[in-house]
Every structure is written in C-alpha cells, then in structure tokens.
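A.B. asks: If you want the building blocks of each chain, they are given just below.
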Amino acid sequence: MMDVIYVDNNATTRVAPEVIEEMLPYFGDLYGNPSSMHTFGGTVGRKVREAREKVAHLIGALPEEIVFTGCGTESDNTAINAAIESNPGKKHIVATRVEHPAVKNLFEHLSKKGYRTTFIPVDHQGRLDIDALEKSLTDDTAIVSIMWANNETGVMFPIEEITQRVRERGIVFHTDAVQTVGKIPVDVKKAGVDMLSLSGHKIHAPKGIAALYVRKGVKFTPFLIGGHQERGRRGGTENVSSIIGMGKACELAVDHLKEQAGRVKTLRDRLESGLLKGTPKALINGDREHRLPNTTSISFEYVEGESILLMMDRLGICASSGSACTSGSLEPSHVLRAMGVPFTAAHGSIRFSLSVYNTEKEIDFIIKELPPIIAKLREISPFWKPEIPS
Amino acid sequence: MWEYTDKVKDHFINPRNVGVLTDADGIGEVGSLACGDALKLTFKLDENERIREAKFQTFGCASAIASSSALTEIIKGLTLEEAAKITNEDIARYLGGLPKEKMHCSVMGRDALEKAIAHYRGEAEKKKEGHVVCECFGVTDLEIERAVRENHLHTIEDVTDYVKAGGGCGNCHDSIQEIIDAVWKKGHIQKEFPLRKLTNIQKIKLIEETLEREIKPALKKDGGDIELVDVDGDRVFVKLRGTCATCAASQVTLKGYVETKLQELVLPQLVVEEVQ
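The listed protein sequences derive, respectively, from chains A and B.
Add 18 to the 1-based position in the first sequence for this note's numbering, that's all there is to it.
For the second sequence, counting from 1, position 1 maps to -14 in this note's numbering; every step adds exactly one.
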C-alpha cells in the first residue's frame, strides 16, 4: 500500500480506529439479533439503542426520531417517497439544480411518473435563489428537498431561513445533510427541518450505514416494508456492527466539531491560499463566506481535471475532479454548470476535502507539488498563453 | 478510475513532440474548451514530402494527451498519402488500446491530422457537411454515420464514446438511433457494397485474399498476425497470433477492424469469431 495524502473526504473517509475497535466484538462473539427476547440478543439491542442516542445527540434529535438506513441515497429516497406517499393528492416536488444524484435523479424519475418538478437555480457563487423557491411553492407541493451543503463546492444554504418559508405553508421539508453533519454543528430543532439525511462513511464510520431523521409528528411511510425494526419504519434486520460504528463515529464527531472549525479550516485556507499564490489563473468556485470548513473547489484554467488528478495520483495525492470525463460526455458537473462557471475553468476544477486526519505537512506537500503539474499541463495546452493576465 | 495501458500512461506522463512548429507546412486544429478537449497539430515536410517533424498541443484528459503524442510519433516519416490513411484505430492500437469510453480521443487525433493535411494541400477548410445532430458538441449526421460504419458501432453509448454526440443533454438520442438503424438495418451497407452472390468457394477465397492483402499487413505493423481457421456460412473463424494473441485490445481489433474490413470487402453479413 503506497502512502497516500487523502484529501477526498467528501467522497468517503477513513474509518476511525476507535470506531473499528467498537465494532469488532459484534462481528465475533456478540452476534445476537437485537430483536430477540433472550439476554444474548438483548445485550446487542442495548448497544444499538446507545448508538441511536449518540446519533440523535449529534444533531439535536430524539433517539426515536432516528431511522437507520443502508446509505445516504436510501435516506434521501425514503424521505422523498414518504412525503409523496403521505400526500397522495399533491403532485409537485421542489429541489435545487445542484442536488446530489440521490435526489436529482429520483426527481427526474418521478417527473416521468407524472410529478411536476421544480429545480431552484443558484447564482454564480452557488447561492440559492430563495425568492424563486418561495414563488415556486403551491398548495400542490408535496415536498421541498434542499441539500444543506453542496458536496462539490462546500457552499452551504441558509437552511433556517428556507425552512421558515416552507413550513409556514405546511409543506414537508427534507434536507440532504450528508456533507454537513460532523463538519459544522447541526441542530435539527433550530434548523426546523422535517427530515434530514446523514451518512456514516462521511464521518469516519464504515460504508453501508446511514440514518434519516424524521421529526416526531411528520407523516411517514416506510420505503422498505418488512418487519417491525426501526419502529416499523425500515424493515430488515439491523446492520448491528455498522450501527454501533456509526454511533461511535457520531460521538467522535461531537468532539471534533471544534477542530473542524479551527484546525481543519485553517489547513483548508492554507491549501487554498498556497495554491492560488503558486498558480496564476486559478480561482475558487463558490461562496467563500458560507462554506464547509473542510472543502475547496479550485479551478485551474486551461487544463483538464482528469489530467491533473492522474498527475497528482502518481504522487499519492487523492482528490477529485468536478468534470466528469466519463464516457464521451465531457460536460463539467451539473453543479458547476448550474453556477455558470465558464468552460475555461469548469473542466479544470479540482475538489479538495479535508478531515481531522490531515496534517500541515501533507498540505504543504500539495502546495509544493501541484503548481508544477499545472504548469506542465498548461505547456501542453493549446489555450494557455503565459501572457494571459491573472 | 481509468484502466490505461502502460503505453498510454507513458505517453501521458512523458508526451513526445509537445509544442508548435513556427513555420509549419500543415496545421490542424480541432475541438474547443467547451467540448472538453482540443488538439492543435502542426507538421513540417522534407523535400520528398515526407513528414519530417510533427508537434502537438492538447487540452484534455490523459488519453487525449497520449493519443496526440502517439499520433505525432506515428506520422513521423510517413508520406502525406500514407498519413492520410491513418485511422483512429491505428492510434488506439499504437497505444495498446484505449478504454471504450475514451475512443473519441483517438478520433480527435485522426480529425486533426486530416485537417492538417487539407491545410497543407490548400484545400479550403471543409465546411461541415450534413446537419448538426448533437447540438451540445456540434456533431453532424455525416460524422456520426462515418463513426458508426468505420468503428462498427451499434448503440448510442458507443457513438458517444467515439464522437461525443449524445453525451450532453441527450435530446439527440432518437436521431442518433435513427442513424445507427439506417447504417445497419435499412440496407445502407448494401447501397455502398451491393450484395454479391458468391459460391462458398468464392467466398472463402475472397476472405483469404482480403486477409492477405489488407488485414495481415496492418496487423504485422504491430507485430501481430491472423490465421483463417474455417468459414461456416457467414461465420468466419480466425486465430490471432503474435502480439495480437496477448494484446488486451485484440477484441477491438477483431470486431472493429478485421470484421469491418471483411464486411466491407467481402460480404456485409460476415461475423468474425476468434478460436483459441
């Protein structure tokens, strides 16, 4: 295994050693079913209950408002389906143009099934057009689903302000907070959301475990129909060890919130200013004022993202690109397009997303190594002219 | 993560012939920033009209840079007539194959070369013929048709991989499907290569001749070879030899090149299969 500098934490994160340790017994001797009547299973059940409390605590919810699911996508799908199933007469659904595919593609699927969809635009800094949102709401609107923070740019939407306007119309509000939870303090009561998705593997728990917060009193219809697990809100035997891991990860996340706002943010800012200083014609995508502390999306004009990624990959630097050079469709991400980032910049955008495990030494390595890579690729590029003013 | 051959990686990390020849004889520019990749090819000829020097500048992903670098290496020393025959398959083959999704990079190389040769010959910049089908990437029906026929494409996804058409908003998918159908089902081939009546003996002979004359020399350039094993109806059984036998891209060669050639020159309904 080569040494890697992992700055792709919005994609997934390292499982914290404390989390692994907490989980291990439940792969081994403690294999009981938490639903069983016997003490052997009951011990496991108690541990699941503790995990639920820890998850609830992180976001200011009650334990019974937490439903464990298999992934962030399942949480999003569950929330949206619950809202439309519980409001059978309503045929209008609202999201934004920059949602994660878990919401965006579900909406597109639902539009084929007869739902009217509205995707609220963002401005060039990725900020939501709240007036457009307000105008879009009708008596026919079943749900508004708006991400709390964007996975590509880290731009955060003013959720409290949004929920006020949505809830006074009596419309269900869901937020995909998969990128937000653990990075900034999240309080579901203060935010005024009806449902909120969060995912384990973004906060140092393993992949395959996530949760949906469902506010007490919100009408709910299960997505997975089966046994009585999760109070009948999600059938299927619990993913016990992962739930326990996610509980531990949420406990750690509470402890790490200060570090996110402090050390992680400082490292992100150091990386950003170092790269901007070292590279002409590089710019930050998104509203720098309202952004996750760990994320930066930087566009290096006149070069292409995949090339940058592969050059960095050779040095063990793991990041990701905002241009999906998959298949022939070389269109930059829908997020950058929605923001109107010019093509000169959109194709060469790189996302760095940090975690508490990153060090100053790693950041300085990237600041040292990346500018020559950009310079080399620009030398190959027919569009790059050194005299282009910054 | 992309699975690139070592040769692609090598040409990406150490691209050959980067730059612009200031007093170039031929200049070909294709692509744009909006499209996500672009290539500027320049070459200079010697007194015998052979390409003495070639240089490139490319904006694009790793395989776009590698394809451009490979192109400059391939055409050096060729006469213009020889260079004009270079296909996108030749570029991909030189690199030991490209991921299917990245074949458009090799097509971009071929297009730039074509433009540079036309520029040298003083042929007026060919106006894009046909009408634009894919608005996002400005691809015409004739370009799509050519890619479908030359690379034996059968799905919209294939077309997107090769010429990018359909990779944007997706509004043109129906039109692309119509072109594919027109080429493969509605007798388009038959129009160009009229159905022949061949006896079994004639058919086998013609297949053999085509292999000897057209296909073997092309494969031998890369150290590969092919052997005819049997013909059963319209099924042609062959064995790949030399480097072809171990090449990861041999299936591309087999279907995209050997089969296409045989369909073109012998019978359009032939299917080529490999026997181990």
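Hints are supplied without guarantee of correctness; some may be wrong.
Said to hold, decoys possible - Stretch-level coverage of chain B by chain A, calculated; a stretch enters the list once three of its residues show a Cβ under 8 Å from a Cβ in chain A: (1) -11 to 3; (2) 11 to 20.
Claimed, not checked - Calculated pairs, PhoX-like style, for lysine-lysine (alpha carbon to alpha carbon, straight line, at most 25 Å): (3) B:K206 / A:K403; (4) A:K276 / A:K208; (5) A:K153 / A:K109; (6) B:K188 / B:K240; (7) B:K201 / B:K188; (8) A:K386 / B:K(-6); (9) B:K40 / A:K403; (10) B:K(-8) / A:K394; (11) B:K224 / B:K206; (12) B:K85 / B:K246; (13) B:K61 / A:K394; (14) B:K201 / B:K85; (15) B:K182 / A:K394; (16) B:K(-6) / B:K61; (17) B:K(-6) / A:K394.
Source of the hints: derived by calculation from the structure; they are not laboratory data.
This structure is a prediction, so every number in the text was calculated from the model and none was measured.
For glycine and all other residues, C-beta sits at the position ideal for the given N, C-alpha and C.
A.B. asks: Give me the numbers of the hints this structure contradicts, sorted from smallest to largest.
C.D. replies: Those not satisfied are hints 3 and 15.
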